[in-house]
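K.L.:
Sequence:
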Amino acid sequence: MAAGVAHYAVVMVSDWLGKLRGALAKNPGAPAGFVVVAIAIAWAEKDGATDPLVWLPGTLLIVGLLVVVAVAAPGHVPGGTAGLIAIVSFAAFTAWCFASIAWADVQADAWAGANRTLAYFAIYTLLALRPWRTRPAAALLGFYSIGIAAVGLWAFLHLDAGADPRTAFIAGRLIEPISYANANCALFVSAAVPALFLSSRREMPFVLRGVLLASAGVLIELALLCQSRMSLLATPVVLAAYFAFTPGRLRSALSLAILAVAVAASRAELLDVFTTVYGTDPSAAPASERLAAAIDASQRVVLLSAIGLAMAGIAWGLIDERFRVPRSAVRVVGLVVVILMLGATVAGSAVFAQRYGNPVDRVGIWWDRFKSNEYVSDADTSHLMSGFGGAGRYAIWTVSYDIFKRHPLVGTGIDTFGVDWARERPNTQDNIYPHSVELRTLQQTGLIGSLLLCIFIAGALVGALRRIRARPPVARGIAISSLLVFGYWCVHGSVDWLWEVPALSAAAFCFLGLGVALSDPDTVEEPPHAPWRRWVAMGLAGAFALLTIVALVPPLLSDRQVEAALRSVAAPTVAYEYLDRASSLNPLASEPDLLGSVIAEQSGDVARQRAFLVRAISRNPYDWFAHVQIALLDARAGDRVAALRSLERARRLDPRDASILFAAERIRAGKPPTAAEMNELYIQSAASCCLP
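If you're matching positions, the sequence shown starts at 1 in the numbering used here and goes up one per residue.
Since the hints were made in silico from the structure, they are not lab data.
Predicted model only: the values in this text are computed from it and were never measured.
Idealized CB from N, CA, C, for every residue including glycine.
Honestly, I wouldn't trust all of these hints.
Ranges between beta-carbon positions, derived for each pair [to be verified]: (1) 534 to 457: 54 to 60 Å; (2) 564 to 539: 33 to 39 Å; (3) 247 to 547: 54 to 60 Å; (4) 577 to 260: 55 to 61 Å; (5) 603 to 57: 29 to 35 Å; (6) 102 to 549: 18 to 24 Å; (7) 267 to 614: 56 to 62 Å; (8) 494 to 261: 26 to 32 Å; (9) 233 to 95: 41 to 47 Å; (10) 671 to 102: 41 to 47 Å.
Taking the hints into account, I'd like the entire structure generated from these sequences.
P.N.:
Right under this line is the structure:
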């Protein structure tokens with residue numbers, strides 16, 4: 001029996017792969033799309049690719065693929081006029097981000113932000129430039145969901161391989177593979193949406209349906225371990241859109257019901273990780289032992305749940321292939337599902353009211369906490385249900401909006417929020433991002449950049465939806481699932497910094513492009529092409545490749561030199577050579593000089609330390625740290641007037657930094673602080689100002 005089932009599975013998978021190969025032959029952009037998704041998965045495993053040394057090389061490869069597809073496979077742009085407008089407006093937005101370097105306070109940060117925008121433009125255009133057929137598009141979505149689930153599960157199950165598995169959690173919230181719990185949650189939930197749809201379709205091989213259902217379960221359970229409160233708002237919005245527009249709602253509801261049962265069975269062990277951190281029972285075992293035990297229990301339940309879901313998905317797939325449910329029965333079951341969902345909603349509301357009281361009063365309490373930055377960490381309250389206070393968003397958004405009002409037309413320059421926040425922050429929290437993609441765009445690119453980005457998104461959505469109803473159900477569901485990956489990123493990113501995590505944004509723009517490329521029916525044949533189109537494509541692709549090399553390669557080479565210098569700190573002379581090359585490669589960056597000043601300080605080379613600091617300030621006069629270091633050098637040399645003048649500059653740049661106030665007090669007293677004292681203060685300040 002088992003051998004027969006295995007043989008049948010092999011035959012089914014082989015047949016499906018054969019069909020996939022045939023579809024790829026008709027879809028010349030598909031291989032490049034799979035490379036892009038593979039890069040996005042690899043970026044997710046590498047801490048979301050927040051390190052430029054990770055995402056810059058991948059971006060160069062993606063741009064190369066875009067040039068090849070544009071030149072070697074000419075054709076019409078999917079989505080009609082709207083699809084073309086989307087590409088052009090995204091290109092204009094990218095160019096505007098590069099233009100903002102000219103008026104940005106910190107030009108190196110603006111350059112890095114513009115390069116990141118270029119990466120997202122290349123990813124979107126590569127996927128949206130040529131039409132996609134249904135089978136390779138389904139394979140791409142499945143590949144992404146399974147890949148992200150594998151990355152997350154591998155990281156989670158191998159926590160014990162590290163020195164201390166507790167380091168994978170901050171305050172009881174999972175920070176693997178991305179070291180930011182909210183970004184982790186967005187990664188997992190957005191990847192679960194395609195898995196949910198594909199696992200419910202009869203057209204998928206039953207083995208893959210089991211794998212996809214297990215992947216969806218793993219992703220949702222890992223997301224629960226992240227305890228991101230924004231997911232409580234973003235997930236219902238995406239699910240509502242999913243059931244409103246995706247065909248086969250009953251199938252999707254059944255898949256979701258199976259998934260919900262598994263997650264409900266695992267919920268206690270998953271949530272116990274967070275509550276263990278804030279447990280206050282004095283008779284219990286030490287917190288470290290209890291947390292380690294909670295992590296072990298959550299690992300076991302995630303693995304067992306995945307196995308159970310895989311078996312359920314395979315069984316459902318086998319039954320689905322042999323039996324066809326009459327339409328009348330489908331309608332009856334659908335009605336039952338609707339009634340059950342309404343009952344669950346009513347029951348959930350009753351439980352909420354019993355636990356938290358009047359919903360209106362509770363929302364008012366949460367709103368007050370949100371504005372006052374009050375954080376809840378009761379032993380019996382999970383982070384998910386602690387309301388929406390404590391993260392400092394209200395203050396961050398207020399400062400960002402105030403900055404926008406002062407620079408409404410062109411903004412302050414891309415990725416320059418950190419300088420303004422340090423100068424205007426009402427508390428000691430340290431932030432470099434506005435925690436909202438809308439405010440980020442308004443504050444940093446102004447109304448002009450915001451208009452360009454809105455035109456791009458509108459064009460992409462119109463291009464994706466204009467003929468979607470004419471498509472077969474499976475193709476329509478694939479297109480909607482693709483758009484919802486982008487949709488979740490948008491909703492969650494409205495209150496969080498997701499744009500700045502390349503692994504998340506790469507997937508969002510990739511699948512937005514896929515949704516547009518699927519807007520044309522598979523039966524449409526390519527029209528004959530005029531010879532001049534190939535020459536135009538070659539010219540545009542060549543110019544784009546050249547501009548990309550000019551924009552991306554110098555920062556990449558500079559960062560590699562800085563990395564080499566970090567490995568050579570024991571040999572200062574060698575490190576200085578690396579840093580000088582890094583500085584010449586990126587003439588806007590101050591980081592090589594700041595690192596050089598630290599190495600010189602440790603080596604006792606005061607003259608070289610001062611030279612590095614002076615050059616750093618000439619490149620970035622808004623860095624308070626460099627001004628403080630100059631002040632300390634002046635104070636130790638006996639020039640108290642110059643020292644206090646530099647400290648005043650630093651204080652204007654960051655009025656709330658404790659180290660500046662401490663240094664000023666000591667210098668006025670004639671006792672300049674030592675390097676060890678300042679370093680200890682820097683460490684304490686960094687530990688106390690992080691967002692929860």
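K.L.:
Each of the hints needs a verdict: does it hold here or not?
P.N.:
Right, here's what the structure says about each hint:
1. 534 to 457: 54 to 60 Å: violated (30 Å)
2. 564 to 539: 33 to 39 Å: holds (38 Å)
3. 247 to 547: 54 to 60 Å: violated (42 Å)
4. 577 to 260: 55 to 61 Å: holds (59 Å)
5. 603 to 57: 29 to 35 Å: For residue 603 and residue 57 the Cβ distance comes to about 32 Å; the hint holds.
6. 102 to 549: 18 to 24 Å: holds (21 Å)
7. 267 to 614: 56 to 62 Å: holds (58 Å)
8. 494 to 261: 26 to 32 Å: holds (31 Å)
9. 233 to 95: 41 to 47 Å: With Cβ atoms ~34 Å apart, the hint is violated.
10. 671 to 102: 41 to 47 Å: Holds, since residue 671 and residue 102 (Cβ atoms, about 44 Å apart) stay within the stated range.
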